[in-house]
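Enquirer: Here is how the chains run, residue by residue.
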Amino acid sequence: MKGNVSTRGRTPRISALGPALCLLLAVLGSVPSASAHHSWARYDSDHVFTIEGTLTSVDFSNPHVVMHFTGAADGEASTEWTMEMDPPTLLVRFGLKHDTFAAGMKVKITGVRARTGVPVMRALTIETQDGTVYRVSSRI
Amino acid sequence: MSAVRGALGLALAVVGALVLSAVRAQAPPSPSGFPGAAPRGAPALIREFKAEPLGVEPGQAATLHWEVLNAYTVSIGPDPGRVALRGTGRVTPAATTTYTLTATGAGGEVSRAVTVTVRGTTAAAPTTVSKREPPVPKLADGKPDLSGLYMAEKGVRLLGAVQPAPGAEKFRVETRADDLGTGIQCLPPGVPAAAMLPFPLEIVHTPQTFVVMYEAYHQFRIAPVGGEHAEYMAPAYMGHSVARWDGDTLVVDVRGFNAKTVIAGYRHTEDLRVVERYRRTAFGTIAYEATVTDPHVFAAPLKFAGTLELHPEWEIGEYVCTENNQDYDTLFEAKPAPK
Numbered sequence: 002m003k004g005n006v007s008t009r010g011r012t013p014r015i016s017a018l019g020p021a022l023c024l025l026l027a028v029l030g031s032v033p034s035a036s037a038h039h040s041w042a043r044y045d046s047d048h049v050f051t052i053e054g055t056l057t058s059v060d061f062s063n064p065h066v067v068m069h070f071t072g073a074a075d076g077e078a079s080t081e082w083t084m085e086m087d088p089p090t091l092l093v094r095f096g097l098k099h100d101t102f103a104a105g106m107k108v109k110i111t112g113v114r115a116r117t118g119v120p121v122m123r124a125l126t127i128e129t130q131d132g133t134v135y136r137v138s139s140r141i
Numbered sequence: 238m239s240a241v242r243g244a245l246g247l248a249l250a251v252v253g254a255l256v257l258s259a260v261r262a263q264a265p266p267s268p269s270g271f272p273g274a275a276p277r278g279a280p281a282l283i284r285e286f287k288a289e290p291l292g293v294e295p296g297q298a299a300t301l302h303w304e305v306l307n308a309y310t311v312s313i314g315p316d317p318g319r320v321a322l323r324g325t326g327r328v329t330p331a332a333t334t335t336y337t338l339t340a341t342g343a344g345g346e347v348s349r350a351v352t353v354t355v356r357g358t359t360a361a362a363p364t365t366v367s368k369r370e371p372p373v374p375k376l377a378d379g380k381p382d383l384s385g386l387y388m389a390e391k392g393v394r395l396l397g398a399v400q401p402a403p404g405a406e407k408f409r410v411e412t413r414a415d416d417l418g419t420g421i422q423c424l425p426p427g428v429p430a431a432a433m434l435p436f437p438l439e440i441v442h443t444p445q446t447f448v449v450m451y452e453a454y455h456q457f458r459i460a461p462v463g464g465e466h467a468e469y470m471a472p473a474y475m476g477h478s479v480a481r482w483d484g485d486t487l488v489v490d491v492r493g494f495n496a497k498t499v500i501a502g503y504r505h506t507e508d509l510r511v512v513e514r515y516r517r518t519a520f521g522t523i524a525y526e527a528t529v530t531d532p533h534v535f536a537a538p539l540k541f542a543g544t545l546e547l548h549p550e551w552e553i554g555e556y557v558c559t560e561n562n563q564d565y566d567t568l569f570e571a572k573p574a575p576k
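Protein sequences, first through last, are from chains A and B.
Residues 2 to 141 in our numbering are what the first sequence spells out, letter by letter.
Residues 238 to 576 in our numbering are what the second sequence spells out, letter by letter.
Simulated from the structure, these hints should not be mistaken for laboratory data.
Treat each hint with caution, since some may be false.
Said to hold, decoys possible - Each pair of labels, with its calculated beta carbon distance range:
#1 T446/B <-> S58/A: 37 to 47 Å
#2 T129/A <-> T352/B: 45 to 55 Å
#3 D508/B <-> G132/A: 16 to 26 Å
#4 G105/A <-> R349/B: 39 to 49 Å
#5 S58/A <-> G292/B: 46 to 56 Å
What the hints assert, rightly or not - Below 30 Å or equal to it, Euclidean Cα-Cα: the simulated BS3-like pairs (lysine-lysine) are:
#6 K391/B <-> K375/B
#7 K391/B <-> K576/B
#8 K375/B <-> K497/B
#9 K287/B <-> K98/A
#10 K576/B <-> K107/A
#11 K287/B <-> K407/B
#12 K497/B <-> K540/B
#13 K98/A <-> K375/B
#14 K380/B <-> K497/B
Said to hold, decoys possible - Among chain A residues calculated to face chain B with C-beta under 7 Å, some are:
#15 P64
#16 A78
#17 P88
#18 G96
#19 T126
#20 T129
Since this is a predicted model, take the numbers as computed values, not measurements.
Every residue gets a Cβ at the ideal spot worked out from N, C-alpha and C, and that includes glycine.
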């Protein structure tokens with residue numbers, strides 16, 4: 002989980018992503034026209050991080066697919082996380098199925114975290130144990 | 238509606254993200270700290286592309302199988318052309334043929350080839366899908382047929398800056414840093430906002446009627462072509478639409494809005510008027526423009542523009558916003574993670 006990421010504050014930061022992706026996310030987060038249902042304002046789009054965990058629930062429903070997982074962010078104890086993704090229709094167009102993910106699966110998630118520091122995140126990509134990387138956000 | 242769709246022959250299609258392409262070009266190289274995912278988005282991945290059997294007798298068919306992830310557009314050349322992310326297709330090559338699958342997504346383009354050998358024939362040169370598009374289809378009255386499923390993959394954007402009318406400060410939407418926006422209530426976004434979301438829309442067009450169905454919030458608008466607005470229109474989120482032709486451009490006049498949506502950071506009055514222009518510039522694209530006026534709010538018209546791109550391989554999906562609408566205030570006020 003750690004290994005390749007450096008940390009800044011409480012949120013691990015992928016330094017090699019550099020300012021470009023962070024700027025991209027920040028800009029997009031401020032464009033209301035690009036938001037569906039709700040903005041990303043409550044997420045810290047300046048810090049993209051990666052976390053590994055085990056899924057505990059999958060709710061493939063509107064307006065956002067929500068999954069829960071148990072995992073530990075860098076420097077923190079393991080806890081239960083809530084993870085939001087794009088709506089089901091968008092994920093299906095990226096190639097996901099409603100049963101692609103299931104409780105018990107080990108995953109590596111890249112995304113942005115709630116500004117308040119609570120274990121809530123918006124996922125950008127999810128990597129499964131076979132190395133497949135799934136796009137789960139229209140913002141990247 | 239289904240009868241109309243069938244008659245028009247363009248039933249399916251769509252999606253994509255907004256606003257991204259210009260910024261994607263500036264994205265950095267792949268991050269060393271995140272193996273398996275590119276910074277510009279998960280790369281398109283061809284999980285499978287094969288032919289069964291790989292060798293056939295003249296006149297015998299082979300079946301192509303494919304599955305792709307993280308791509309907006311998938312094509313197989315020389316045929317069957319544009320296809321969905323996963324599927325099968327029968328081909329009957331006259332000579333030994335190399336089929337090339339090309340997948341394009343936010344992370345770039347990838348391709349893979351498979352050759353079907355036809356006994357006793359010479360291999361043809363590998364080829365991709367022809368870039369030639371069919372002509373713009375016509376309606377029975379000779380006007381361009383705008384029907385199809387489209388997505389504004391590069392977004393519909395405001396051109397220029399907002400010029401508020403004197404005293405329009407009261408219409409300015411005050412937003413907190415953590416504001417979730419107006420969509421959190423799952424209410425209709427209005428016009429032209431409905432075309433600006435990262436969801437597709439489907440147009441069903443006849444000489445008499447122009448229908449736009451939005452995947453987002455499952456909204457739709459029906460504009461009679463050549464029709465006139467009613468004397469009284471109950472204020473509505475999506476307004477009331479009528480259409481007319483200006484040459485080969487369909488102009489949709491939208492009035493009768495309520496004052497409950499937000500445009501470019503401003504609320505508006507019931508005097509809001511939106512004039513949309515749809516011009517099918519090619520088989521696969523519609524140039525879309527929207528001019529927004531409200532003399533109480535804007536000193537000058539707001540201009541929005543974007544390109545709607547055809548996705549015949551998609552279909553409008555089910556988006557029921559209220560299904561699992563979270564209590565986000567509670568969600569984000571939970572206890573911080575333990576150290």
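Enquirer: Confirm or reject each hint.
Expert: Evaluation of the provided hints:
Taking the beta carbon of each, T446/B and S58/A are about 45 Å apart, inside 37 to 47 Å as hinted. For the pair T129/A and T352/B, the beta carbons lie near 31 Å from each other, so the given range of 45 to 55 Å is not met. For the hinted restraint 16 to 26 Å between D508/B and G132/A, the CB-CB distance of approximately 57 Å leaves it violated. For G105/A and R349/B, the Cβ-Cβ distance of about 32 Å falls outside the hinted range of 39 to 49 Å, so the restraint is violated.
At about 48 Å, the beta-carbon gap between S58/A and G292/B stays in the expected band of 46 to 56 Å. Restraint check for K391/B and K375/B: satisfied, since their Cα atoms lie roughly 26 Å apart, inside the 30 Å limit. Simply put, K391/B and K576/B have alpha-carbon atoms about 42 Å apart, too far for the 30 Å limit, and the pair is violated. Proximity of K375/B to K497/B is assessed by CA-CA distance (about 37 Å); at most 30 Å being required, the pair is judged violated.
As the CA atoms of K287/B and K98/A are separated by approximately 21 Å, the hinted pair is consistent with the 30 Å bound. For the proposed pair K576/B and K107/A, the alpha carbon gap of about 22 Å is at most 30 Å, so the pair holds. Taken as a hint, the K287/B and K407/B pair is broken in the structure, with Cα atoms around 62 Å apart against an allowance of 30 Å. For the hint pairing K497/B with K540/B, the CA-to-CA distance comes to about 20 Å; that is within 30 Å, so the pair holds.
Taken as a hint, the K98/A and K375/B pair is broken in the structure, with Cα atoms around 37 Å apart against an allowance of 30 Å. Taken as a hint, the K380/B and K497/B pair is broken in the structure, with Cα atoms around 35 Å apart against an allowance of 30 Å. This hint holds: P64/A has a C-beta 5 Å from the nearest C-beta of chain B, less than the 7 Å allowed. For A78/A, the shortest C-beta to C-beta distance to chain B is roughly 4 Å, which falls under 7 Å, so the interface hint holds.
Contact between P88/A and chain B, as hinted, is supported at the beta carbon level, the nearest pair being about 6 Å apart and thus within 7 Å. Checking G96/A against chain B by beta carbon gives a least distance of about 4 Å; that is within 7 Å, so the hint holds. Look at T126/A: its Cβ gets to within about 5 Å of chain B, closer than 7 Å, so that hint holds up. Below 7 Å, beta-carbon pairs count as interface contacts, and T129/A has none with chain B, the closest being about 10 Å; its hint is therefore violated.
The earlier numbered hints that this structure contradicts are 2, 3, 4, 7, 8, 11, 13, 14 and 20.
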